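Q: So the protein sequences, as listed, match chains A and B.
Take the first sequence: its position 162, counting from 1, is numbered 162 in the working numbering, and each next residue is one higher.
Whatever position you read off the second sequence (first residue = 1), add 1000 for the working numbering.
Misleading hints may appear alongside valid ones.
Keeping only pairs whose Cα atoms sit at most 25 Å apart, straight-line, the calculated DMTMM-like set for lysine to aspartate or glutamate is [what the hints assert, rightly or not]:
| hint | chain 1 | residue 1 | chain 2 | residue 2 |
| --- | --- | --- | --- | --- |
| 1 | A | Lys-197 | A | Glu-6 |
| 2 | A | Lys-94 | B | Asp-1206 |
| 3 | A | Lys-94 | B | Asp-1186 |
| 4 | B | Lys-1199 | A | Asp-96 |
| 5 | A | Lys-94 | B | Asp-1160 |
Beta-carbon label-pair distances, calculated as ranges [what the hints assert, rightly or not]:
| hint | chain 1 | residue 1 | chain 2 | residue 2 | range |
| --- | --- | --- | --- | --- | --- |
| 6 | B | Glu-1233 | A | Gly-163 | 47 to 57 Å |
| 7 | A | Gln-171 | B | Trp-1091 | 23 to 33 Å |
| 8 | A | Ala-294 | B | Pro-1220 | 48 to 58 Å |
| 9 | B | Gly-1388 | A | Glu-161 | 46 to 56 Å |
| 10 | A | Gly-211 | B | Glu-1195 | 23 to 33 Å |
| 11 | A | Arg-10 | B | Gln-1227 | 35 to 45 Å |
| 12 | B | Pro-1159 | A | Glu-11 | 32 to 42 Å |
Keep in mind the hints are simulated off the structure, nothing from the lab.
Everything numeric in this text was worked out from a predicted model, so none of it was measured.
Don't be surprised by glycine CBs; every beta carbon is placed ideally from N, CA and C.
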Amino acid sequence: MANLKELTHREDRLAGGHRLCAGCGASIAVRQVLLGAGEDPVVVGCATGCLEVSTTIYPYSSWKTPFIHNAFENSAATISGVEAAFNGLKRAGKIDPDKKVRFVAFGGDGGTYDIGLQALSGAMERGHDMVYVCYDNGAYMNTGIQRSSATPKGAWATTAEVGVAQQGKRQVRKDLTAIIAAHGVPYAAQASVSHWKDLTTKAEKAFNTPGPAFINVFAPCPRGWRTPSSQTVEIAKLAVQTGFWPVYEVENGVWRQTVKVVNRKPLEEFLKPQGRFKHLFAPGNEALLAEMQADVDLAWDRLVARCATE
Amino acid sequence: MPTHKTLAATGNAVVAEAMRQCKPDVMAAYPITPQTTIVEEFAAFVAKGKTHCEYVTVESEHSAMSACIGAAAAGARVMTATSSQGLALMWEELHIASGMRLPIVMANANRALSAPINIHCDHSDIMGARDTGWVTYFAETAQEAYDNTIMAVRVAEHPDVMLPAMSTLDGFITTHSIDRVSVMDDETVAAFAGEYVPKSALLDTDAPVLHGAFAGLGGPFFEFKKQQRVAMENARQVIKDVGAEYSALSGRPFDVVETWGMEDAEIAIVVLGSTAGNVRHVARDLRAKGLKAGVVKVRVWRPFPYAELAAVLKGLKAVAVLDRAESFGAEGGPLFLETRGALYDLETRVPVVGYIYGLGGADVKLELIERVYQDLSDIAAGSAAPAGLVYLGAREEA
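Isolated chain B, as found in the complex (with noise of 0.2 Å):
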């Protein structure tokens, strides 16, 4: 029986926490604000022996991602964790990594892209890696990042995946934030992680083997391409499993939408990350006034959960999509785009709504999430929607 603790910690601590309980073998990161207090405090745990991964002191980001994918390759169980910029720099590897079928778990505080230059909370940086390949998972708290960040070993190991995982969580805002969070003992941590066995190792010097090989015109590239297509695919259901074993063990829900308010709403927000419980919350107050309100919290991003966002929105009298990230010249944000395609096969069309906020850390206040669904009740009403894009908060003058 697993034995639970009650913290008081940082989204940042407790990823670092569940990182060591998965006993990783190689660790190679580098520092990057928000992201810096997971890697100092796994540098902490190295220093204290509390864990017997080898922790390479990179001199980029661009080298963190190569070393966690020669130390993948070579056998090791990896994990890494960077931002913003830093994801950015290792764009290239991202897909070098999934291409390469290296299960290697990475946490990413989210965190705006320059310029300007900027260090708080939004989602570009993630969304920039969206089509590098990699399973990845939003957290609405710490307590998300810490259950997201066990889980994301299973699914990125096993043998129907075996592609890299990213637990993301929002820069600041639950990378900084103390929070309530319930961890579990090592002994379960680590029993549930299970032990990586390697198909294809260098280190396995007696049966050597090629990583990363040249594919080129007439090659097999585009099967390559095909099996990673099929990997993800795996993916859908490994995480429902996945998930469900962890929810059994550790007494909290999981699934890939998480809804409140759905079975009744008529209205609702589709959102990512930390911003859910303030929509939450502004969803529970308009309740109290007779709104039919709901809300849709989208946990895994990747792969994208098209089939069950449908379901949920089903029938609704309109939907709001809230992006914490732009996609200069398209209709929308990506959640946007994603989320109305995913309803285009719909009998019925639901009118669905594009709003781009917080960038940068902007403050989302609950007047702002109000106005959302103020336009969603009008929209319901049979007022037409808003024209364009809108900039949720933003200055007028700008």
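For reference, chain A alone in the conformation it holds in the complex (with noise of 0.2 Å):
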């Protein structure tokens, strides 16, 4: 693995000038994951939602690399495509059967929890040469800050909206991560922006592992959880801290907690800077957070067994 000083010679494959927010977890998850792959071209392919929107308006471009977006929820299958026309036209003999190419495709966490889980399942089972990013920011950012699946439970969202019958998202948010890794694909990683190194390292093994890769990238969105700009990285680090976001891999069908998390922070402590997470504060609501916490803690000591015996 590269070290810091030899990542910042590498080319950054997305221009600055894009048009995301400020503070943006998307744009550093991509830049992250795209040091990962080294000097081969790369082909990427992206979901409709704000990294797309935010990247290509015609006839501008981020992208110094090949980029195609087709719809919503076929960034892995419209990728699997591309990956295939590869081996396809290296038959042919159209394609130097020597020539490397690594083939990424984003998505936020609608595009991939929700709308894009069939395309995606689908990819990852048929086993193309490929590697598939969710930036999960924990919501339809783009269309306004909607619930989806990767919500987390007690999270205001504008289709989950706090009042007195209800306070924020009901449901636990789906365990994505752990559903790619159940497709028995060689590598499956969670990671967040807040760990560079991590994050980097997780995305070279992905890009090197033959077949497909599947990496779920904490992404926080100052837009829609309510926080300051300056502070992206920061509750990114608290979320994994707190163990409400676990940094972990399996390789192979291995399980390993990749950042180790001495004394877990409690939870609170991420939710509190996030004005999503206001109203859980207000008085009445203890319940709630002790519900929330003990989730959290369910979900840590299932993953912590899960490493030990496998």
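With the hints as a guide, bring the two chains together.
A: In structure tokens:
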């Protein structure tokens, strides 16, 4: 794995001047992931969403690498088609048999956990040599902060409102990384933009793994989370330190926590700085807070047990 | 010189054969009745090493077209096949394929759309894709399905066109019936199809390009759509030129509108797909009885050959249009509406009546077609046209 100094010399394939918000976790995720691709050419696919609309406004492109956007739910299927073309054209003798190209598909949590889950599952099962990266900011941010199956329980969203009858989203978020790991793909990982070394290492592993690989990257959204733009990395760090977003990898079926969390912080430390959880600290919501902490504890214990036994 | 081989084969088998002969680099497909034997045949070619094609067995038709779009943008020659619900599930992607100007070739086994579920022939599926920007052929026979598929490759990839193209054949009637088909040798077809040289391939990694840009309010979206219109208009001549070249090679005639008995016809039926054969059979019988009956088969549905139709139907005493698809709430079926529109600018009005027939594979009995000619004959003699849209052969109690 390259060290920080070496990484600074690698080409940044996402140009500055894109139109994402200040403090957006998505562009940080993209940069760190693409650093892991090394020197080989990369074809990038992207689902409809913030990342796509902010980087591809005709006639401009923020991508210094071949890029394709197709639709919302099919980033995985689209890149699987590109990878298939690479194989077919090699067999046709139209591409140098020694040429190496990396294939990566990006999608937000809406385009990955929800509407794109089928296409992702299909692509993972078929075994394309590709990396799928979800930048998870826990809601449909591009359309205006609607809840997704990645939205945390208790979070406010414009389709999971806060009022006398309801305190934000009622359901526990979906454990997508475990779902993809259950496909038996050679590499699946969970990472956070706050832990750059962990993320770029995972990206490098994912790109170097023959066959399908998946990385779920925690990517805060200042606009949707009601947090200051300057706090993106800090909040992502708290997600890891509280165990809300454990970082781990599943390599050929072996589960491993990749960042040690010695004294796990209380969940409240992650929740408190975020406006989307503000209502939880109003009197009367103590039980809900306790329930959310219990959810995190249970998921943590399960993960620890998995990592110990497998 | 091409060598020709005569086979007894189904429409689906020869579509798969045509696809193999055109040497696609990628096929991404999902099985659906009655398209399945196309993808099965093709899978067998892959297993036997008869193609270099990368065959992607996707998990849905939506992903089939999504992967085709990715592969075509990557620079590959790409094909697929679908039917009915599968085509409907692709609908979003059909627009994206044409909007991104990707020359994908797809076969469609024309089949009814649910509900109620029904696996048999009608044109509801393909009419739902009418405005998606695909060049669209209709085959009457397995032979035409073979020929149309090969021509579609050349039309789609033509630099003045660069649009996806569909080669459609009627579910079960053409897809599954064994028919007499003449196929050409591999070298001839490959030479005719030519090699696809993509312009802006994702896999040309030294010259990075962006496919699928955002063109919002105030952006060039409107102009992109205009360019699609221009491309589809260009396709009119390209289809004819490619058809003439193919015709010379195959020895079989081709036209966007094919006619029978129209030299002196007074009445005519306009029809798409396999029913054209039944109509011709009836017209032949009626001619023997002195009726001046003609048949007009629309072989290319998009771009719609309105000028050719107007030229051939001009001066007739009555015309019937058979639609194997509904357009609920419209004055008639899609072919009826467009045919009548095509005749609007004629100086002398031609009476046009619409019939809906054969939905969900309902039998197209010869006596039903005879009845249509009888109606036309009555109209030609001065009777009033049937009031409203006729559901040809539908049981009365329904």
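Q: Within a Cα-Cα threshold of 25 Å, do Lys-1199(B) and Asp-96(A) meet the stated pairing?
A: 18 Å, holds
Q: Starting from the range 46 to 56 Å, see whether the pair Gly-1388(B) and Glu-161(A) falls in it by beta-carbon distance.
A: The hinted range 46 to 56 Å holds for Gly-1388(B) and Glu-161(A), with Cβ atoms some 50 Å apart.
Q: Is the hinted range of 23 to 33 Å satisfied by the C-beta distance from Gly-211(A) to Glu-1195(B)?
A: 31 Å, holds
Q: Does Lys-94(A) pair with Asp-1160(B) here, judged by a C-alpha cut-off of 25 Å?
A: It holds: about 24 Å lies between the C-alpha atoms, which stays within 25 Å.
Q: Has the hinted range 48 to 58 Å been met by the Cβ atoms of Ala-294(A) and Pro-1220(B)?
A: 53 Å, holds
Q: With the threshold set at 25 Å, check whether the alpha-carbon distance from Lys-94(A) to Asp-1206(B) stays at or below it.
A: 15 Å, holds
Q: Is it true that Pro-1159(B) and Glu-11(A) lie within 32 to 42 Å of each other by Cβ?
A: 34 Å, holds
Q: Could you see if the CB distance from Gln-171(A) to Trp-1091(B) stays within 23 to 33 Å?
A: 31 Å, holds
Q: For a C-alpha distance cap of 25 Å, please report whether Lys-197(A) and Glu-6(A) respect it.
A: 12 Å, holds
Q: Hint check: Lys-94(A) vs Asp-1186(B), CA-CA at most 25 Å. Holds or violated?
A: Roughly 20 Å between the alpha carbons, so the hint for Lys-94(A) and Asp-1186(B) holds.
Q: Using the beta carbons of Arg-10(A) and Gln-1227(B), state whether their distance is inside 35 to 45 Å or not.
A: Hint holds: Cβ distance 38 Å, inside 35 to 45 Å.
Q: Given a hinted range of 47 to 57 Å, is it respected by the beta-carbon distance of Glu-1233(B) and Gly-163(A)?
A: Once the Cβ atoms are compared, 56 Å apart, the range 47 to 57 Å for Gly-163(A) and Glu-1233(B) holds.
In this structure, none of the earlier numbered hints is contradicted; all agree with it.
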